[in-house]
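Novice: Each chain is listed here by its residues.
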Amino acid sequence: MDELLDIFQNIKNDFCSLTNYKVRGESLEIITPFTTLNNKFVSVFVKKIKDKYVISDAGWTDLNYYDINISEDSDDIIERVFAYYQKSFDVSTTTDKAGTIHYFKFCSSPIEIPSNVYDLANFIVGAVNALGIRYKDEKEEKERETFRKDANNFLKAHYNENVKLRKALDDLQNIRFNALISKSSDIYLVSYVTGSSSYYFTNDLRKTIVNFEISERSKYKDYIREKVSIINDKADGYHPEKLSSMMDLLQEKVTRDPIKWSEKERILEII
Amino acid sequence: MSEINLDVKQNYEYLEELSFSEKNIQEDPIFLKEKDNRKDWLKNSVKVEHSTAKEEMSLIIEKKLFPYKYGIKLHSPKFTKKPFFRFDSDGPTHRNKIENSLSDQPITTPHFNTYDEKGQEFAYKSEVLKSEKEAKAISENIEFGISHFFQETNIKLNGKDEFPGLTTKNPELFKIETQTDPLNGIEFLD
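Sequence order for the protein chains is A and B. Once you know that position 72 of the first sequence is 72 in my numbering, the rest is easy, because the numbers rise by one and skip nothing. Once you know that position 144 of the second sequence is 144 in my numbering, the rest is easy, because the numbers rise by one and skip nothing.
Careful, some of the hints might be misleading.
Heads up, simulated DSS-like pairs for lysine-lysine below, C-alpha to C-alpha not over 30 Å straight-line [what the hints assert, rightly or not]: (1) B/K33 / A/K139; (2) A/K97 / B/K125; (3) B/K78 / A/K142.
To give an idea of the chain A side of the interface with chain B (calculated C-beta under 7 Å), a few residues [as the list claims (entries may be wrong)]: (4) K12; (5) C16; (6) E26; (7) S27; (8) K40; (9) F41; (10) F45; (11) K47; (12) V54; (13) S56; (14) D62; (15) Y65; (16) T94; (17) G132.
Footprint (simulated), chain A over chain B, 3 or more residues, beta carbon under 8 Å [claimed, not checked]: (18) 37–44; (19) 88–99; (20) 183–190.
Rather than coming from a laboratory, the hints here were simulated on the basis of the structure. Glycine residues also receive a C-beta, built at the ideal position from the N, C-alpha and C atoms.
All chains, full assembly: derive it from the sequences and hints.
Specialist: Here it is, written out as structure tokens:
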């Protein structure tokens with residue numbers, strides 16, 4: 001029993017020793033025991049203003065003092081994550097003259113300060129860690145980008161000026177095809193199917209099926225000579241055994257059998 | 001498991017060579033420019049010549065006007081993406097997970113940051129920074145910080161044990177007093 005209590009005491013002492021402070025003019029920096037995933041202890045700042053106690057992050061989150069490699073192009077997701085955490089911990093914001101956002105809480109009596117410090121520190125840990133998440137699947141982005149480039153180059157090499165990449169039919173602007181090839185008055189719609197996992201691959205296949213289906217409603221329907229899908233059979237996500245029912249569906253929507261990338265020369269026979 | 005810097009892990013001796021072998025800079029004074037996106041930050045980087053390695057290397061100096069904070073870094077983007085040796089005058093305490101005892105893990109600022117042989121980032125205080133008085137003086141004066149950084153990383157100014165001055169388009173910016181209260185002048189409660 002004594003030994004177990006010693007263990008507890010040891011843990012408690014070490015945990016408590018993590019909480020530290022720095023005096024900064026009229027503010028007190030509390031170095032809390034909470035850390036971000038990149039090993040930074042979260043600090044909060046306490047100051048008495050008028051008859052209230054303000055507990056603030058001093059702008060450190062917005063200034064990226066926690067040194068997070070922030071994922072680009074994810075502003076919308078980050079905004080939602082911050083809003084979620086702010087609401088959960090009842091955190092307010094203000095902006096200083098330089099435009100830095102300060103996240104803060106306030107209370108009226110000293111007895112409430114620890115609880116507010118605890119909440120603001122938890123808010124910072126959650127929000128800062130969320131900034132570092134890669135919301136986009138890099139492997140998938142790379143896979144898609146590489147295949148798109150290869151397929152685009154192939155089409156451009158053979159059809160030159162007749163190829164328009166990432167193009168929509170004039171009357172269906174929301175539906176873009178990977179390529180639209182025009183020859184005299186004939187239109188050829190081309191859609192690529194790829195994915196780094198079977199989940200992404202199936203999704204891409206589904207999108208192709210839907211796009212071809214919608215193209216039936218275009219006023220240019222009678223000019224659409226062929227609907228061609230190019231299947232990246234070299235992709236990690238290409239598992240024909242899992243795709244058979246979807247492939248059957250695709251077969252109904254295209255005018256030609258889907259073309260595997262490994263047999264891409266067949267495109268030249270069709271277009 | 002924290003993020004591992006594989007460039008460093010695979011070539012730790014090179015990191016040591018880049019960090020501690022003699023280096024030289026020629027620029028004096030160093031002109032700090034306002035950052036485009038953050039007008040309260042001044043920044044610039046200058047070329048560093050290494051005595052043995054032919055690596056492209058730069059010394060980056062950043063200074064925030066209020067509350068006073070600055071950082072000095074060595075960066076070789078072809079060796080590794082992030083700066084491999086840094087000094088932070090202020091900001092968060094670092095947790096050194098490599099220490100077995102939890103109570104030994106926090107390293108408050110000011111401190112240096114670099115990597116160990118496993119590619120794990122860690123912070124440390126030099127003997128000078130372990131003295132509270134000296135650490136305070138250094139964290140409040142960027143010129144002391146540059147001098148200390150040059151000693152720690154063996155950088156000379158044109159072959160001499162000197163360090164460069166700093167200048168900026170608006171010298172008034174350097175006259176701003178070191179403001180230690182980060183919550184001063186901010187409107188929290190309307």
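Novice: Take the hints in turn and mark each one as holding or not.
Specialist: Structure-based check of each hint:
Pair hint B/K33 plus A/K139 does not hold up; C-alpha atoms about 38 Å apart against a cutoff of 30 Å. Between A/K97 and B/K125 the CA atoms are separated by roughly 33 Å; this puts the pair beyond 30 Å, and the hint is violated. For the given pair, B/K78 sits about 22 Å from A/K142 by alpha-carbon distance, which is consistent with the 30 Å threshold. Proximity of A/K12 to chain B is violated relative to the hint, the smallest CB-CB distance being about 11 Å (cut-off 7 Å).
The closest approach between the C-beta of A/C16 and any C-beta of chain B is roughly 9 Å, which is over the 7 Å cut-off, so the hint fails. The interface hint given for A/E26 is met, as the beta carbon of that residue sits about 5 Å from the closest beta carbon of chain B, less than 7 Å. Contact between A/S27 and chain B, as hinted, is supported at the beta carbon level, the nearest pair being about 5 Å apart and thus within 7 Å. With a cut of 7 Å, the hint placing A/K40 at the interface with chain B holds, because the nearest CB-to-CB distance is about 4 Å.
Satisfaction of the interface hint for A/F41 is found here, the shortest Cβ-Cβ separation to chain B being roughly 4 Å, below the 7 Å cut-off. Nearest Cβ of chain B to the Cβ of A/F45: about 6 Å, under the 7 Å cut. The hint holds. A least Cβ separation of about 5 Å between A/K47 and chain B falls short of the 7 Å threshold, and the interface hint therefore holds. Taken as an interface hint, A/V54 checks out: its beta carbon lies about 5 Å from the nearest beta carbon of chain B, inside 7 Å.
Among the interface hints, the one on A/S56 holds; its C-beta lies about 6 Å from the nearest C-beta in chain B, closer than the 7 Å criterion. Restraint check, A/D62 versus chain B: the minimum CB separation of about 10 Å is more than 7 Å; hint violated. At about 4 Å, the closest approach between the beta carbon of A/Y65 and any beta carbon in chain B falls short of 7 Å, and the interface hint on this residue holds. For A/T94, the interface hint holds, the least distance from its beta-carbon to any beta-carbon of chain B being 6 Å, beneath 7 Å.
Annotation: interface hint on A/G132 violated; nearest CB of chain B at approximately 9 Å, more than 7 Å. Check on the region 37–44 of chain B: 3 of its residues sit with their Cβ under 8 Å from a Cβ of chain A, so the three-residue criterion for coverage holds. Here's how the region 88–99 of chain B fares: 7 of its residues keep a CB closer than 8 Å to some CB of chain A, so the rule of at least three is met and the hint holds. Proximity of the region 183–190 of chain B to chain A, defined as three or more residues with a beta carbon under 8 Å from a beta carbon of that chain, is established by the 7 residues found.
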